[in-house]
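Below are the chains, spelled out letter by letter.
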Amino acid sequence: MSAIYTVWFRSVLKYVRSKSRIIGSLGMPFFFLVIMGFGLNRSVQAPITGVEYIDFIAAGIVSMSVLFASMFSGVQLVIDKQFGFLKETLVAPVSRLQLMIGQTLGGATTAMLQGMLVFFISFLVGVKMPGIGGIFIGMGFMFLIGMAFTAVGISFASRMEDTQGFQLIVNFIIFPLFFLSGALFPLKGLPDWLLFFTRLDPLTYGVAGVRYGMLGSSQIPPMTSFAVLGSFAAAMILLGAFLFRKIKL
Amino acid sequence: MNVVVVENLRKEFDEIVAVDSISFAIQKGEIFGFLGPNGAGKTTTLDMLATLLTPTSGKALVNEHDVRTQQADVRKSIGVVFQDSTLDDELTAYENMDFHGRLYGMPKNARRKRIDELLDMVELDRRKRDLVKTFSGGMKRRLEIARGLLHEPGILFLDEPTLGLDPQTRNRLWDYIKELNTQKNVSIILTTHYMDEANALSDRVAIIDQGKIIASGTPDELKRGIGGNIIRIHSSELEKSRKKLVAIEWVMNVEQHNEHLDIAVENPEKRVPELIGMLHSAEIPVNALMIQTPTLEDVFLHFTGKTIREREAGAKDRMRMRKKRSGR
Numbered sequence: 414m415s416a417i418y419t420v421w422f423r424s425v426l427k428y429v430r431s432k433s434r435i436i437g438s439l440g441m442p443f444f445f446l447v448i449m450g451f452g453l454n455r456s457v458q459a460p461i462t463g464v465e466y467i468d469f470i471a472a473g474i475v476s477m478s479v480l481f482a483s484m485f486s487g488v489q490l491v492i493d494k495q496f497g498f499l500k501e502t503l504v505a506p507v508s509r510l511q512l513m514i515g516q517t518l519g520g521a522t523t524a525m526l527q528g529m530l531v532f533f534i535s536f537l538v539g540v541k542m543p544g545i546g547g548i549f550i551g552m553g554f555m556f557l558i559g560m561a562f563t564a565v566g567i568s569f570a571s572r573m574e575d576t577q578g579f580q581l582i583v584n585f586i587i588f589p590l591f592f593l594s595g596a597l598f599p600l601k602g603l604p605d606w607l608l609f610f611t612r613l614d615p616l617t618y619g620v621a622g623v624r625y626g627m628l629g630s631s632q633i634p635p636m637t638s639f640a641v642l643g644s645f646a647a648a649m650i651l652l653g654a655f656l657f658r659k660i661k662l
Numbered sequence: 005m006n007v008v009v010v011e012n013l014r015k016e017f018d019e020i021v022a023v024d025s026i027s028f029a030i031q032k033g034e035i036f037g038f039l040g041p042n043g044a045g046k047t048t049t050l051d052m053l054a055t056l057l058t059p060t061s062g063k064a065l066v067n068e069h070d071v072r073t074q075q076a077d078v079r080k081s082i083g084v085v086f087q088d089s090t091l092d093d094e095l096t097a098y099e100n101m102d103f104h105g106r107l108y109g110m111p112k113n114a115r116r117k118r119i120d121e122l123l124d125m126v127e128l129d130r131r132k133r134d135l136v137k138t139f140s141g142g143m144k145r146r147l148e149i150a151r152g153l154l155h156e157p158g159i160l161f162l163d164e165p166t167l168g169l170d171p172q173t174r175n176r177l178w179d180y181i182k183e184l185n186t187q188k189n190v191s192i193i194l195t196t197h198y199m200d201e202a203n204a205l206s207d208r209v210a211i212i213d214q215g216k217i218i219a220s221g222t223p224d225e226l227k228r229g230i231g232g233n234i235i236r237i238h239s240s241e242l243e244k245s246r247k248k249l250v251a252i253e254w255v256m257n258v259e260q261h262n263e264h265l266d267i268a269v270e271n272p273e274k275r276v277p278e279l280i281g282m283l284h285s286a287e288i289p290v291n292a293l294m295i296q297t298p299t300l301e302d303v304f305l306h307f308t309g310k311t312i313r314e315r316e317a318g319a320k321d322r323m324r325m326r327k328k329r330s331g332r
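Keeping their order, the protein sequence lines are chains X and W. Quick note: to get this note's numbering, add 413 to the position in the first sequence (first position is 1). Quick note: to get this note's numbering, add 4 to the position in the second sequence (first position is 1).
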């Protein structure tokens, strides 16, 4: 247990300390929210009555920042490999499973913190504030998205030798995940082929969950979202743990 | 008592034999030096003892725990300082230590107390709140040594501890290592390709080349083993002095060369005055005199027919080939 906490603590400590990275990674969600949100607010009808488009995409943008932060948190593992710190942890008398779980929890926590920052920024620009219950539901789903995609990031990182390669691969899969997730548009009325891919995208269920928290309503029932995203997260953690175990120095 | 016992340990990578069935034992409290060129198999051996690599065959016990079957016990009982830095540059010295102490399950109070004690020992206590990225190479190495000792291991592994450090830092690091060994009674196994380092630090040395241990013993034993110390004199009357010298009981051997004589003796420093006096009274002129002490480099040369440097050139090529093949 203490090993998991130790690894988790290091991730969080490094995140909190990296002020420029935190602020830098707020840029894209901010512009998406403001430009897309206000730009399309008049012309796009949100599928939920009494909800404006900017309220609708706020949940999508929050999920996006969680997705980005969690996937890219895997880069730490590549850096630890490159600069030797990984050896220090691997030679310690703790199991690799503990190390991997600590790393995943750490990535998920920092991704959730990043999501919360975007969450609060969205209120500053005028998005409706949910009740306290809704905030907790939103945070729960943010954490699940974080767990799932940190595990994906760790899986890739386990096999990668350099940070550039890692970033290329992650960029390659992160954008389809984001655009297909219904973060920016309602699922209702999509062409069947597009709906098919949207339903395959695990992030769709994360976005729906966060949206349920923020708006009290979503197009996918929250229990379904929870079940699908939870299973996906569990599967990715298993995959990540498996690949992490096989890391060779 | 032996802290490390290795029997017929072997490691193969693809078709290359990195460590070729070596056997040795390390006694409690000693500094054991592994001397050999780069690519000789020193780090591979250390990695196997630290449970980071699985041996292809053979047996190794560290603090009486088997490196194959009792990995957690082995890891708990050793401290490792790797050849390249394994510090987190973005954390402070204290945080690096603290991370280590927590991973090894040290309780809070003991951890804090010992971190302060060790940082004090390596003279980094005033820098403990600074990020490691602001440290010099020597400071980083000292911090790593302190960290390796945090969980009170019975044995410390040092892989090329002074590689890339300037001579001054190197000498100070040697002092630390010796101090550690005597004051804290930590057994130390170190690898090095510097023969002066092996000579200065080790109680016993194993010379390793191409995966095999070719000689082992105390540095003195090894050097004596290849012919001992030599007093070399230059004189115009070599023949006459040779006759005089072979009659002396403490002279073990005399070799006559074109312009000088090589006289094999033990403790040459102590024999020089006597020798000079004797030649003087026999009215033999001595133009020059020098004491030739064999070094571990000579020992290596004696057993392999090559100097360490010559070996390294070849070994680097082999390593490069291997990396290419395995795609790394």
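Be aware that a few hints might be false.
As the list claims (entries may be wrong) - Below, computed lysine-lysine pairings styled on DSS-like, alpha-carbon distance capped at 30 Å:
(1) X:Lys432 <-> W:Lys132
(2) X:Lys661 <-> W:Lys137
(3) W:Lys227 <-> W:Lys310
Stated by the list, open to error - Incomplete in silico selection of chain W near chain X, CB under 10 Å:
(4) Leu57
(5) Thr90
(6) Arg116
(7) Arg151
Said to hold, decoys possible - Derived, one-sided and incomplete: chain W residues facing chain X with beta-carbon distance under 8 Å:
(8) Arg79
(9) Ser89
(10) Phe103
(11) Arg106
(12) Ile295
Just so you know, these hints were derived from the structure itself, not from any lab. Positions of the beta carbon are idealized from the N, C-alpha and C atoms, including for glycine.
To see whether the hints hold, each was checked on the structure:
no., hint, verdict
1, X:Lys432 <-> W:Lys132, "22 Å, holds"
2, X:Lys661 <-> W:Lys137, "26 Å, holds"
3, W:Lys227 <-> W:Lys310, "16 Å, holds"
4, Leu57, "8 Å, holds"
5, Thr90, "4 Å, holds"
6, Arg116, "15 Å, violated"
7, Arg151, "8 Å, holds"
8, Arg79, "4 Å, holds"
9, Ser89, "6 Å, holds"
10, Phe103, "6 Å, holds"
11, Arg106, "4 Å, holds"
12, Ile295, "44 Å, violated"
Violation of the numbered hints given earlier is confined to hints 6, 12; the remaining hints are satisfied by the structure.
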